[in-house]
Amino acid sequence: MIDKVVESMSAAVADIRDGATVMIGGFGTAGMPSELIDALIAQGAKNLTIVNNNAGNGDTGLAALLKARRVKKIICSFPRQADSWVFDGLYKEGQIELELVPQGNLACRIEASGAGLGAIFTPTGYGTLLAQGKETRAIDGKNYVLEMPIRADFALISADRGDRWGNLVYRMTARNFGPIMARAAACTIAQVREVVPLGALDPEIVVTPGIFVQRIVRAGAARRAAA
Amino acid sequence: MNRLNRDQLAARVAKDIPEGAYVNLGIGAPTMVANHLPKGREIFLHSENGLLGMGPAPAKGEEDPDLINAGKQPVTLLTGGCYFHHGDSFAMMRGGHLDICVLGAFQVSARGDLANWHTGAPDAIPAVGGAMDLAIGAKRVFVMMDHVTKSGEPKIVAHCTYPLTAVQCVDRIYTDLAVIDVTTHGLTVVEMAEGLSFEELLRMTGAPLARALS
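These protein sequence lines are chains A and B, in that order.
Here the first sequence is numbered in my numbering, starting from 1 and rising by one per residue.
Here the second sequence is numbered in my numbering, starting from 228 and rising by one per residue.
The hints are simulated quantities; they were obtained by calculation from the structure and are not laboratory data.
The calculated lysine-lysine pairs, modelled on DSS-like cross-linking and capped at a C-alpha distance of 27 Å, are: (1) A/Lys-92 / A/Lys-72; (2) A/Lys-46 / A/Lys-4; (3) A/Lys-46 / A/Lys-92; (4) B/Lys-366 / A/Lys-142; (5) A/Lys-67 / A/Lys-92; (6) A/Lys-134 / B/Lys-366.
Given the sequences, and given the hints that come with them, work out the whole structure.
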């Protein structure tokens, strides 16, 4: 019997090694897999490359991972926010490397990797600082920039419900990067509010098919409170 | 002269958004346009974090941390609205499916280059978000901004000195002093604040202006 449900957060993240590239879902705190991140902090892996839209909010979740000095590089679109003081401090001290990517390029570079594409030509960023040094091409009279896929060893995402085959559905705008990151990582770990029996998810509304998910772990009641 | 205040400017932009339009309102002042959309027009507001049919802010106590806009503020979903992931959301933007986006700006150039994400200051922490995708993707790009900076420098310039968001992307500029179209022949003034002369407007603008024939 195939059962992707893992009993604990710590077991779910146990094999994330030093130097791994880890995608973390969420837009701000909506969809951020806070319990998986806490487990990763406790597990101790360091020199991580993190892919997320932001660079942490407040002192919890991704910000706590940064504060614990486990992250050598972050690939994101919008690090600077009113409550991004942890990142801001590390960046100003030169303690963290930043690869700034326009949000849509972040999304399509993640999608490209999950879809097995070698690279993509995107119009976003053409003629700007963020395209400097990159190959460009005019296609049908429009200018594009060559961007490379972003691959990851692990993706940590948050979903609303999942079953033992790894099928997932999300809740509201917490969906954001979950479905595309799930496809782009060698091992995707989803924390879910509820694990439901096979068949409980209407096959017509499954958002992430189980083939993209390797591990499922049930989030405790703390999840909503932490969000 | 009657400079438009923020609300009047937002209302002026809202007037140009037609029934049925798919629209993204950028973070900051453009968000205010939502408050002025004419009642009775069905307009689809898109938020790049993954919703179409965005409604107003919820009542106090009704906020849901999973239902936010691109500025990470709590919002609501209108009946008929829907959620989607970032791949779909940016396909809507980059793929030319949005009719209009409204953005703020540091500078707009005579040929419609937009600078709105970075001052270029060496100690600034850069952040770009979805600005570049909106600027190149929407069918029409509206900019709303003050006509001049707080120190009186023109924000409409011959060439942007701040780092660009996108090249030749702006279609129309709404300021507290004028409405200006970016055309293949340059900038054309279509409206001016009451009591403002064309010569005064020229003095506060860093690029040549033409008057629309009307």
